[in-house]
Amino acid sequence: MIDGINLHPHGHMAMYDGQYWISDFKQWHGFYPGPDYGSARPDYKVYRHD
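Going by our numbering, the first residue of the sequence shown is number 560, and it counts up by one from there.
No lab work stands behind these hints, which were simulated from the structure alone.
Among the clues, some could well be false.
Restraint ranges, calculated between C-beta atoms of paired labels, are given here [claimed, not checked]:
| id | residue 1 | residue 2 | range |
| --- | --- | --- | --- |
| 1 | N565 | D609 | 15 to 21 angstroms |
| 2 | R607 | N565 | 25 to 31 angstroms |
| 3 | D609 | S582 | 20 to 26 angstroms |
| 4 | M560 | H588 | 25 to 31 angstroms |
| 5 | D609 | L566 | 32 to 38 angstroms |
| 6 | P594 | M572 | 26 to 32 angstroms |
Built from N, CA and C at the ideal position, the CB exists for glycine as well.
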């Protein structure tokens, strides 16, 4: 769960499939879903299901 930023106040959620981070699309460039998040680098929390 990634905290919100100015242009995206509701934050973002994605799941890791072992190779890619996927939300409603495959995030080709890593953990953050786009350049706005990549520049802001907001806080996040990782949850794991065992």
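For each hint, the structure was consulted:
1. N565 x D609: 15 to 21 angstroms: Given about 35 angstroms between the Cβ atoms, the range is violated.
2. R607 x N565: 25 to 31 angstroms: holds, 29 angstroms
3. D609 x S582: 20 to 26 angstroms: Given about 22 angstroms between the Cβ atoms, the range holds.
4. M560 x H588: 25 to 31 angstroms: violated, 19 angstroms
5. D609 x L566: 32 to 38 angstroms: Given range 32 to 38 angstroms: holds, Cβ gap about 35 angstroms.
6. P594 x M572: 26 to 32 angstroms: Distance hint for P594, M572 is violated at roughly 18 angstroms.
The earlier numbered hints that this structure contradicts are 1, 4, 6.
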